[in-house]
Structure formats: C-alpha cells, structure tokens
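Student: Listed below are the residues making up each chain.
2 protein chains.
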Amino acid sequence: MNFKEKLRERAELINNTLEKMIDEKDVPQKTIYTAMRYSLMAGGKRLRPVLALSVCDMLGGNPDDVLPFGCAIEMIHTYSLIHDDLPCMDNDDYRRGRLTNHKVFGEAVAVLAGDALLNYAFEVMTKAALEDPENVKAKLEAMYIIANASGASGMIGGQIIDLESENKKISPELLHEMHKHKTGALIKASVLSAAAICHASKSVMDSLVRFADMLGLAFQIKDDILDVEGNSELLGKNIGSDASNSKNTFVTLYGLEKSKEMLEDYTEQAIESINAFGEKGSFLKELANYLLERVN
Amino acid sequence: MNFKEKLRERAELINNTLEKMIDEKDVPQKTIYTAMRYSLMAGGKRLRPVLALSVCDMLGGNPDDVLPFGCAIEMIHTYSLIHDDLPCMDNDDYRRGRLTNHKVFGEAVAVLAGDALLNYAFEVMTKAALEDPENVKAKLEAMYIIANASGASGMIGGQIIDLESENKKISPELLHEMHKHKTGALIKASVLSAAAICHASKSVMDSLVRFADMLGLAFQIKDDILDVEGNSELLGKNIGSDASNSKNTFVTLYGLEKSKEMLEDYTEQAIESINAFGEKGSFLKELANYLLERVN
Chain P
1 MNFKEKLRER
11 AELINNTLEK
21 MIDEKDVPQK
31 TIYTAMRYSL
41 MAGGKRLRPV
51 LALSVCDMLG
61 GNPDDVLPFG
71 CAIEMIHTYS
81 LIHDDLPCMD
91 NDDYRRGRLT
101 NHKVFGEAVA
111 VLAGDALLNY
121 AFEVMTKAAL
131 EDPENVKAKL
141 EAMYIIANAS
151 GASGMIGGQI
161 IDLESENKKI
171 SPELLHEMHK
181 HKTGALIKAS
191 VLSAAAICHA
201 SKSVMDSLVR
211 FADMLGLAFQ
221 IKDDILDVEG
231 NSELLGKNIG
241 SDASNSKNTF
251 VTLYGLEKSK
261 EMLEDYTEQA
271 IESINAFGEK
281 GSFLKELANY
291 LLERVN
Chain R
1 MNFKEKLRER
11 AELINNTLEK
21 MIDEKDVPQK
31 TIYTAMRYSL
41 MAGGKRLRPV
51 LALSVCDMLG
61 GNPDDVLPFG
71 CAIEMIHTYS
81 LIHDDLPCMD
91 NDDYRRGRLT
101 NHKVFGEAVA
111 VLAGDALLNY
121 AFEVMTKAAL
131 EDPENVKAKL
141 EAMYIIANAS
151 GASGMIGGQI
161 IDLESENKKI
171 SPELLHEMHK
181 HKTGALIKAS
191 VLSAAAICHA
201 SKSVMDSLVR
211 FADMLGLAFQ
221 IKDDILDVEG
231 NSELLGKNIG
241 SDASNSKNTF
251 VTLYGLEKSK
261 EMLEDYTEQA
271 IESINAFGEK
281 GSFLKELANY
291 LLERVN
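So the protein lines, in turn, are chains P and R.
With the numbering used here as the guide, the letters of the first sequence map in order to residues 1 to 296.
With the numbering used here as the guide, the letters of the second sequence map in order to residues 1 to 296.
Hints are supplied without guarantee of correctness; some may be wrong.
Each pair may be met inside one copy or between any two copies, as identical chains are not told apart.
To be verified - Below are the DSS-like pairs computed for lysine-lysine, each with C-alpha atoms no more than 27 Å apart in a straight line:
| hint | residue 1 | residue 2 |
| --- | --- | --- |
| 1 | Lys168 | Lys30 |
| 2 | Lys180 | Lys127 |
| 3 | Lys20 | Lys137 |
| 4 | Lys6 | Lys169 |
No lab work stands behind these hints: they were computed from the structure.
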C-alpha cells in the first residue's frame with residue numbers, strides 16, 4: 001500500500017470510530033447530540049489521530065490501544081475549534097467548508113457542544129483505561145500527557161496569548177511561544193501519548209519530542225501561508241481571516257519567502273529526527289512532506 | 001465537634017486544597033490563571049466536595065483519596081457556572097457576591113477559563129489515579145462516574161433542556177428530567193464517586209443513589225424558592241432572575257406552598273435512605289436539614 005492509500009485507510013478508521021463513539025454515547029437530548037456530531041463529523045484531515053496511529057505503527061504497538069486516545073484528541077481539537085469560532089473569539093462563519101457550529105445551532109448550544117466534546121474525550125479515555133487493567137499505567141500516562149497539553153499549560157494558554165496579541169505587533173519569541181502552545185501542544189501530545197501507550201523508551205521519547213516540535217511548527221507556518229496564498233474553496237474557510245483579525249502570523253512577522261524557507265527547514269528537521277527508526281519511520285516522513293505540500 | 005464546626009472544617013480543607021491546586025498548576029499565562037482562580041476561589045458552599053468527604057467519612061474511607069475528586073467536581077461545577085453566566089446563556093452579572101467572570105475578564109477569556117477548569121479537573125483526577133496504583137481501578141471508576149455525570153448524558157444535557165424550555169411552559173416530568181441532569185447529576189456523582197473510591201458494596205451504593213437523588217431534588221427546589229423569597233445580599237446574586245429569564249422552576253410550576261412541601265418531603269426521604277448507616281450517617285442527615293434551611 002502506498003502512502004496515500006495508507007493515509008486514507010487510517011483516516012477512514014478514525015472517522016468510523018468517531019462516528020461509532022458519538023452514536024453509542026447515551027445523550028438523552030437530541031440538540032446536543034446533533035451539535036456535537038455536526039462538528040465532529042465535519043471531516044478535516046484527522047491529523048492528530050493519524051499521527052498517533054502512525055507512531056504506534058512505527059513502534060510496533062497495538063492500534064486498538066491507541067485509537068481511543070487519538071479519537072479523544074480529535075474531540076478536544078474539535079471542541080477548541082467550536083469555541084475559537086465563537087463571535088466573542090475569532091467570529092468565523094465557515095469551518096471545514098460548512099457553517100460554523102454557532103451559525104447553525106446558536107451560541108449557547110455551541111458553547112455547550114464544545115464543553116460536551118471536551119468532556120466526552122476524557123470519558124472515552126477513562127473507559128479505555130478501565131477496560132485494560134494490564135496497561136492501565138501507560139494509558140493513564142497518555143491521558144495525563146493529553147490533559148496537560150490541552151489545558152491552561154498548553155493549548156488554552158496559547159489561545160490566550162493569541163487573544164492578547166491581536167492588534168499588537170509581537171516578538172518572534174512570543175509568536176513561537178504562542179504556537180508552541182496553541183497548535184504545537186496537541187500535535188505533540190498525539191505523538192507522545194501514542195508512544196507512552198506503546199511503552200516507548202526514554203531515547204525513543206526524546207527523538208519523538210523533537211519530531212513533534214518541528215512538525216508542529218511546520219504545520220502552523222503552512223497554515224499561516226495558506227491563509228494568504230490558499231484557495232478558500234479547498235480550505236473550506238475564508239482566506240485572509242488572520243489579516244482581518246489583525247493576527248500575528250509567521251507571514252506577517254517574517255514575510256512569505258522567509259516563512260516558506262522556515263517551513264522547509266522545520267520539515268527537514270522533523271524528518272531527520274526520526275532517521276534512527278529507519279524504514280519503519282517512512283510513513284511519518286512522508287506525512288511530514290505531505291503536510292508541507294498540502295493545500296488545505 | 002458539632003455539625004457546624006465539622007462543616008466549616010471540611011469547607012476549609014477544600015478551600016485550602018483548591019487554592020494549592022490552582023497555585024501549583026503550571027500556567028505560563030497570567031490572564032488565564034487569574035480568571036480561573038477568580039471564579040474557583042469565589043467562595044460558595046463547596047457542597048459537592050463536602051458531600052464527597054462526608055460520604056467517605058461515613059464509609060470509613062481515607063479522605064486523602066477522595067479529596068482530589070471532590071475538588072475536581074468543584075472545578076467542573078465552577079466551569080459550568082462561568083459558562084452558564086455568559087451573555088449567550090443566562091447573561092448574569094453577579095455570582096457568589098462578585099461580578100461574573102466575563103464581566104471582569106471579557107467573554108473570550110471567560111469561555112477559555114471555563115474550558116481550562118474542566119480540563120484541569122480531569123488532569124487532577126488522572127494524576128490522583130496515576131499516583132495510587134493500588135487503588136487505580138476504584139479511582140478510574142470514580143472518574144468515569146464524574147465524566148458521565150458532567151457531560152452530555154448528565155449536566156450538559158440538563159443545561160440544554162433548560163435553554164430549550166425558556167419562554168415555554170413545560171410538563172412536571174420534563175422539569176424533573178431537567179433538574180435530574182442539570183443539578184442532580186453532579187450532586188449524585190459527588191456521592192457515588194466517593195463511595196466508589198471507598199469500595200462501597202452494591203447495597204451501600206443503592207442506598208446512596210436514593211439519598212443523592214432525593215437530596216439533589218430538594219437542593220434544586222430550595223434554589224428555586226430562594227430565587228423568589230431569598231435575600232439577594234445573602235445569596236450574592238440578583239433574585240428574580242428565573243422569572244426575568246422566563247425559566248421553568250418548581251415554584252412557577254407548583255407554586256410556593258406546594259414547593260415547600262415537596263422540599264420537606266424530599267429532604268425527609270433523603271434522610272430516611274441513610275437510616276441504615278446509623279450513627280455514622282448523622283452528619284449527612286444534618287447536612288440535608290442544613291440545606292433545607294439555608295439562606296444562600
């Protein structure tokens with residue numbers, strides 16, 4: 001199977017699992033179920049769970065062990081997008097080619113649908129840990145990595161830096177700090193939680209930390225470039241929204257050319273950091289290149 | 001030590017622990033830390049963790065085991081209040097005698113501070129389970145009870161029923177359903193998660209389910225009565241907000257007199273359901289009576 005086929009297969013497995021998870025959740029109230037499902041099943045690249053499954057594959061772990069955690073991370077990612085799109089935050093009307101959650105269900109329901117997805121992510125992980133007494137420690141470690149990355153020390157901390165930097169010019173250091181938390185933390189947690197579940201050694205962990213850090217930066221730079229150069233139809237959202245929200249991005253700070261150089265450089269560093277895994281690391285390397293060239 | 005002294009002692013232990021938890025959390029960004037702390041340390045009765053500690057005491061468990069879970073529930077309760085108070089939800093200006101979170105920090109930060117508290121609750125519980133390998137199963141069970149009660153199957157489901165019932169007259173069945181989820185679920189989870197950590201037997205669990213169900217209903221009825229008859233200074237929030245938001249309450253549906261009868265009746269049933277615990281249940285019985293007579 002070539003890279004694209006494998007990628008499609010993994011995304012499909014994730015979509016099917018997410019669909020099953022949301023459908024088997026006992027939600028007595030139809031509105032909240034519909035609103036959660038609307039955003040969770042809106043497509044998207046499923047990058048975070050794909051990363052988790054691919055790390056698992058590289059390390060020879062059991063994908064069934066990692067899958068619930070990857071899906072939980074996707075729920076957390078989705079909730080963060082719902083809240084980010086709210087009028088009091090970025091006030092976006094489109095996401096992944098469809099109206100944003102609050103445009104369809106209203107703000108109050110969107111707030112609660114986000115809350116419910118965050119909550120369900122932890123419910124799913126708790127259940128996975130409970131059902132596997134033999135690996136309970138590794139699964140709790142994975143959960144702790146994820147909780148830490150998604151909370152105030154991680155993603156939410158980055159969202160706040162983002163909010164507070166609007167309409168201000170910030171330093172390159174703060175821009176890096178912001179993205180390390182806002183986008184990078186959850187990408188890193190996808191990699192490291194999977195590694196924890198696969199009982200990775202300290203030295204494997206160290207390589208993966210470097211891989212995830214570099215990949216997270218590259219991913220964000222590409223996002224910033226796409227917001228300027230991308231095709232809004234392919235992206236599924238309006239382009240130029242960073243500029244109209246007076247956001248600080250790699251492009252506003254470094255310019256387009258320099259940003260593209262940085263993108264290539266970080267991607268290369270990500271790839272180098274998993275050289276030690278040899279042939280087994282080839283999917284992750286191709287994934288890094290795929291993300292570099294993506295159009296959405 | 002009499003009931004009031006014991007209650008004060010427990011609330012103090014909870015306040016000190018919450019303060020320690022929020023202060024030791026590594027939050028790189030000051031705004032989010034301040035906003036989380038503002039609402040978490042705004043006082044309140046600490047009913048949910050007090051219930052958890054008191055069930056633990058009754059069952060002869062170790063309070064150190066239960067405390068992190070009680071505090072996590074208080075974080076979840078606090079996040080739900082922050083989001084409930086938002087302009088797109090109940091649009092309240094005061095809570096626990098101070099301006100609501102979004103009135104002080106703005107809506108965007110209030111959304112994120114709520115998210116961060118929900119997230120931190122699960123981080124705290126995960127850590128507590130990780131650090132106690134011998135009791136990891138009981139702690140994961142407690143976590144699962146809490147996750148289930150706070151999500152779309154529980155509290156959030158109730159909040160949605162509440163939203164959708166505004167400006168409509170609803171049936172007594174739906175009113176009970178709403179409160180069973182909105183307020184009852186987390187009160188019940190406080191009782192049952194503590195019992196799970198203390199390795200309670202099936203029959204003990206059954207008695208506690210009944211106790212928690214009755215207490216939750218009584219608590220909500222009293223809340224509805226206080227919104228009509230209470231003193232806004234003692235309550236720390238405006239009274240009459242249910243009426244001005246066209247909310248369905250026990251008082252609007254049953255009238256004040258009938259609501260007071262129901263309050264007494266449910267309180268009595270709660271007390272009866274723990275008769276089997278004899279002298280050991282006395283604090284919980286006094287707590288039920290205390291909640292019946294509370295002024296805030």
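Student: None of the hints should be skipped; say for each whether it holds.
Tutor: Each hint, compared with the structure:
| no. | hint | in the structure |
| --- | --- | --- |
| 1 | Lys168 / Lys30 | between (42 Å within a copy, 18 Å between copies) |
| 2 | Lys180 / Lys127 | between (29 Å within a copy, 23 Å between copies) |
| 3 | Lys20 / Lys137 | both (26 Å within a copy, 25 Å between copies) |
| 4 | Lys6 / Lys169 | neither (42 Å within a copy, 54 Å between copies) |
Violated hint for the displayed structure: number 4, the only one.
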